[in-house]
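Novice: With the first letter of the sequence shown counted as 1, position 147 gets the number 147 in the UniProt record's numbering; the numbers rise by one all the way through.
Calculated from the structure, these hints are not laboratory results. Bear in mind that the values here come from a model prediction, so they are computed numbers and not experimental data. Where hints are given, some of them may not hold.
Unchecked claim - Derived CB-CB ranges, DEER-like:
1. 18 <-> 193: 47 to 57 Å
2. 235 <-> 45: 53 to 63 Å
3. 1 <-> 102: 14 to 24 Å
4. 108 <-> 166: 34 to 44 Å
5. 47 <-> 115: 12 to 22 Å
6. 140 <-> 167: 19 to 29 Å
7. 187 <-> 209: 19 to 29 Å
8. 105 <-> 214: 52 to 62 Å
9. 193 <-> 167: 16 to 26 Å
Unchecked claim - No more than 27 Å apart at the CA atoms, straight line, and that leaves these computed lysine-lysine pairs for DSSO-like:
10. 102 <-> 47
11. 102 <-> 68
12. 184 <-> 224
13. 115 <-> 68
14. 224 <-> 243
15. 243 <-> 184
We put the CB at the ideal spot given by N, CA and C, even for glycine.
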Amino acid sequence: MNVLIVDDEPLARERLSRLVGELEGYHVLEPGASNGEEALSMIEAHKPDVVLLDIRMPGLDGLQVAAKLCERDTPPAVVFCTAHDEFALDAFQVSAVGYLVKPVRSEHLLEALKKAEKPNRVQLAALTRPAAEAGTGPRSHISARTRKGIELIPLDQVIYFIADHKYVTLRHEGGEVLLDEPLKALEDEFGDRFVRIHRNALVARERIERLQRTPLGHFQLYLKGLNGDALIVSRRHVAGVRKMMQHL
Numbered sequence: 001m002n003v004l005i006v007d008d009e010p011l012a013r014e015r016l017s018r019l020v021g022e023l024e025g026y027h028v029l030e031p032g033a034s035n036g037e038e039a040l041s042m043i044e045a046h047k048p049d050v051v052l053l054d055i056r057m058p059g060l061d062g063l064q065v066a067a068k069l070c071e072r073d074t075p076p077a078v079v080f081c082t083a084h085d086e087f088a089l090d091a092f093q094v095s096a097v098g099y100l101v102k103p104v105r106s107e108h109l110l111e112a113l114k115k116a117e118k119p120n121r122v123q124l125a126a127l128t129r130p131a132a133e134a135g136t137g138p139r140s141h142i143s144a145r146t147r148k149g150i151e152l153i154p155l156d157q158v159i160y161f162i163a164d165h166k167y168v169t170l171r172h173e174g175g176e177v178l179l180d181e182p183l184k185a186l187e188d189e190f191g192d193r194f195v196r197i198h199r200n201a202l203v204a205r206e207r208i209e210r211l212q213r214t215p216l217g218h219f220q221l222y223l224k225g226l227n228g229d230a231l232i233v234s235r236r237h238v239a240g241v242r243k244m245m246q247h248l
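Input sequences plus hints: build the corresponding full structure.
Specialist: Have a look at this one:
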């Protein structure tokens, strides 16, 4: 894997280069970049797999560089290397896969580089690009930016999507993540696997267990994987849900 080191301090670049050079399977692109503008230019020219990126630099800082990389179809993995740990949350909001505090230790560096390999950037783009853009049908995974970086959730592990204001909550077998995709776009892409039960909710068809009417006349839908919790079905969608359940 090709690694680009970006730091405005030559000694810091040299130390990181030496550490990476001691690890098998990684090649450092020399001489590295000393600022954000150089970094973007070298990334465009050499297409590194991983960028070890300082945060505090003159001109474009590391967070701004990472934000620009997020706009690309196949960005490199970004691991921040910084003397300041107060930027950790900001780093993960721009999809960093790792965050190392200087002085960087070899074992921590290796762990971050290994994490950057899975999935690689090309796989990530193919898995998560919207269907209309990719022209290859629905995605097999949903990507979400979390504090861990970019998480990939297999579609067959998704239980429901619920819209709330500007975000959509995706509930899956391992927990919840927030998406910034509209519910309507998700319905258009995955309508054969999810059904709308409310103006703000889509549920996985294969997760449906039973539809139940409450004493007050409301309808609740029980789903596999929710440990007995139920979701409200709006009256306008009850008939459609019942009809769909007859064919499950």
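Novice: Taking the hints in turn, state whether each one holds.
Specialist: Status of the hints after comparison with the structure:
no., hint, verdict
1, 18 <-> 193: 47 to 57 Å, "50 Å, holds"
2, 235 <-> 45: 53 to 63 Å, "59 Å, holds"
3, 1 <-> 102: 14 to 24 Å, "22 Å, holds"
4, 108 <-> 166: 34 to 44 Å, "36 Å, holds"
5, 47 <-> 115: 12 to 22 Å, "20 Å, holds"
6, 140 <-> 167: 19 to 29 Å, "23 Å, holds"
7, 187 <-> 209: 19 to 29 Å, "21 Å, holds"
8, 105 <-> 214: 52 to 62 Å, "57 Å, holds"
9, 193 <-> 167: 16 to 26 Å, "21 Å, holds"
10, 102 <-> 47, "25 Å, holds"
11, 102 <-> 68, "24 Å, holds"
12, 184 <-> 224, "23 Å, holds"
13, 115 <-> 68, "21 Å, holds"
14, 224 <-> 243, "19 Å, holds"
15, 243 <-> 184, "21 Å, holds"
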